[in-house]
Every structure is written in C-alpha cells, then in structure tokens.
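J.: Residue numbers (the numbering used here), protein chains in the order written: chain Z, 12 to 145; chain H, 12 to 145.
Please note that the accuracy of each hint is not assured.
A pair counts as met if it fits within one copy or between any two copies, since identical chains are not told apart.
In silico lysine to any residue, SDA-like type, Cα no more than 25 Å apart, as pairs [as the list claims (entries may be wrong)]:
#1 K78 with P22
#2 K66 with P109
#3 K66 with D26
#4 K66 with H55
#5 K120 with G50
#6 K66 with D125
#7 K78 with E30
#8 K78 with T28
#9 K70 with I104
#10 K106 with S74
#11 K120 with E30
#12 K106 with G126
#13 K120 with R81
#14 K106 with D125
#15 K106 with S71
#16 K106 with A132
#17 K120 with D105
#18 K120 with E103
#19 K106 with R131
#20 K106 with E127
#21 K120 with A102
#22 K106 with L73
#23 K106 with T72
#24 K120 with R131
#25 K106 with Q129
#26 K66 with E30
#27 K106 with S64
#28 K106 with S61
Calculated directly from the structure, the hints in this document are not laboratory data.
Number of protein chains: 2
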Amino acid sequence: MVVYMRPLFHPSVQDVTVEAILHALSDPVRVAIYADIVGQNCSHNCVAFSNISEKPIPKSTLSQHFKILREAGLIRGERQGVEMHNTSRCAEIDKRFPGLIGAIVTAHKVQLADGERQTRAAKSKAARRTARSK
Amino acid sequence: MVVYMRPLFHPSVQDVTVEAILHALSDPVRVAIYADIVGQNCSHNCVAFSNISEKPIPKSTLSQHFKILREAGLIRGERQGVEMHNTSRCAEIDKRFPGLIGAIVTAHKVQLADGERQTRAAKSKAARRTARSK
DNA sequence: TCAATAGTACATAAATCCCGAACTAATGAA
DNA sequence: TTCATTAGTTCGGGATTTATGTACTATTGA
C-alpha cells in the first residue's frame, strides 16, 4: 500500500522575502550547498553534501539546512523514491528580484577563488620559511 | 584638552566576506538602515534611525546593528563631534563583489513596493467590506 | 564644571542553532 | 508479509547569538 506523504512546504514566489534569502545564504555551509545546486543543473539528494565542508555534517543538521533553503524559497525539494531531489528555484526568484541570486553566487565564487589564492600563498610562504630555517 | 578616541574597527575590503554581508543585511532593521545610507549620499547619525520600523528601537540595539554593519564592511563610521557619521562603503565592495550590493538594495526596494501595494490592496478591500456591511 | 547629547560596554533574559537519538517513509529481498 | 537498508525528519536540550535596560565614556556648549 502506498500512503502519500504530505508534500513539503514551499512558499510562493510572492511570499519570498529578501531577508529570508539573505539569512539562508549567510551560512557558509548553506551557500556552498546552494551554489552547488545552482551550478550543476542536475538534482541532488541531501546526504551528498555531508562532506561539503572540512568537518562532516550530521544529517539532522543537513536536514535543517535544507529546510531553511526550502522555506526561504531558494530550492524545491521533491521526494523521489527513497531520496529527495533538490532543484534550484532561481528562475522564479530572478523574475521577482533580478540579479540577486546571480550576484550572490558570483560573489561566493570570487571569495572562494581569493581564499584558494591566499591558501596557496600561505602554503608557499610556509614552504619558503621552512626552507630558510633548514 | 582633546583626547583622541581609539578609532572604530573597519575590516579591509579583502577581509570582507559574503557571509558577513548577507548576515548583516538579513535583518529587516539593518537592511532598512543600510538601504537608507546607500540611497542618500549624505552621512547619517545613529539615533536618526530609531523610528525606522514600527516599534522604536532602543539605542543600545541600534548601536549593535551599526556595529554589525560596520564589521561586515558595509559602512564606515567616523565620529564627528558628538555624533557619528555613517557612510556606505559600497564603491569598495562593488570592486570585489560586483553587483552584489546593488542587487540586494534593488531587491529590497522591490519588496517594499510589493508590500505597500499589498497593504493598499488590503486597506481598500477592508474599506469595501466596511462599506458593504453598513 | 555641569548639563545635555550621542554612542558604547556590560549583563542577562530570550531566541536561535547544532546535533545525537529516536522516529517515519520508501524500497528490496527473503 | 516481515526484516533490513537507505534517506530524511522530528524532538530535546546544551551551546551560541541576539536584544535591551542600565551604567558608562566622549564631546560640546553654557
């Protein structure tokens, strides 16, 4: 017997707020997840993201993160069999808040690139220091 | 005798993070304050914003809000006489994260306009209801 | 030096966040 | 059907953040 689950709540675009979007994306784990979902056009399940940051993220925490992204109107989550497929709602949101999502995702990329550059610089600096002290 | 205050902390543009910006602007009071500072090019003191939302905001709370905006790199605060002048750092930030601030401020305006439209609609609806029930 | 104004610092109550444990839903195998 | 497995959600309570009243500092003007 198949009992249909009550589907997840998704706000209509008109009820989406800038505050909720910014709050949802002000967490490093959530922007990373969202940037990933937006970047690749295929859908994603939750546990796929448990290693998105240095420390593995417990699944209860991941579930909360997805709920926040969903209720901010940023993603759509649909159960398909045993897992959840998450897709970006950026096309809808872009109509209401033009350029917002794009600018945030781009900014996130810039920051990532800068961070890697700094990390590389720090590493080679450390290497030079090590070399000198020999 | 004039004793110079230790000036307030302002992060350099390179240390500004997307997360801090989004977090700072994910609060309704803070976006409203920031949108105001960006919109008008003149500088502002803190207490000028105590009536920016429905409930008057205590000044200790306002001070915290300004600190968060400042430490996110969004505004520059400089003491001039007895009061503080706050100016937007959007030109600097725009170099690092192009379009980000603009998109957020625009989105905020869209939302404000939609809200007013809804409020007006609700008001006239209420008026019609009142008229009918007479 | 005193009063007034603008803002900050601190303490603590309220709200929010994180995450382990227990739970639900779907699938597949026996 | 029943059991095992996988994917997520919900709940509870400790940790962290946020809001704000009170007390403080800095500056100006009388």
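J.: Please go over all the hints and tell whether each is borne out by the structure.
T.: Hint check results:
no. : hint           : verdict
1   : K78 with P22   : within (12 Å within a copy, 32 Å between copies)
2   : K66 with P109  : neither (34 Å within a copy, 31 Å between copies)
3   : K66 with D26   : between (34 Å within a copy, 23 Å between copies)
4   : K66 with H55   : within (20 Å within a copy, 42 Å between copies)
5   : K120 with G50  : within (11 Å within a copy, 27 Å between copies)
6   : K66 with D125  : within (21 Å within a copy, 41 Å between copies)
7   : K78 with E30   : both (16 Å within a copy, 19 Å between copies)
8   : K78 with T28   : both (15 Å within a copy, 24 Å between copies)
9   : K70 with I104  : neither (27 Å within a copy, 35 Å between copies)
10  : K106 with S74  : neither (28 Å within a copy, 35 Å between copies)
11  : K120 with E30  : both (21 Å within a copy, 12 Å between copies)
12  : K106 with G126 : between (31 Å within a copy, 17 Å between copies)
13  : K120 with R81  : both (22 Å within a copy, 23 Å between copies)
14  : K106 with D125 : between (30 Å within a copy, 13 Å between copies)
15  : K106 with S71  : neither (33 Å within a copy, 38 Å between copies)
16  : K106 with A132 : between (40 Å within a copy, 22 Å between copies)
17  : K120 with D105 : both (19 Å within a copy, 14 Å between copies)
18  : K120 with E103 : both (22 Å within a copy, 18 Å between copies)
19  : K106 with R131 : between (39 Å within a copy, 22 Å between copies)
20  : K106 with E127 : between (33 Å within a copy, 19 Å between copies)
21  : K120 with A102 : both (19 Å within a copy, 19 Å between copies)
22  : K106 with L73  : neither (28 Å within a copy, 33 Å between copies)
23  : K106 with T72  : neither (31 Å within a copy, 35 Å between copies)
24  : K120 with R131 : within (16 Å within a copy, 40 Å between copies)
25  : K106 with Q129 : between (36 Å within a copy, 18 Å between copies)
26  : K66 with E30   : between (28 Å within a copy, 18 Å between copies)
27  : K106 with S64  : neither (31 Å within a copy, 27 Å between copies)
28  : K106 with S61  : neither (31 Å within a copy, 33 Å between copies)
The structure is inconsistent with the numbered hints 2, 9, 10, 15, 22, 23, 27 and 28, although it conforms to all the rest.
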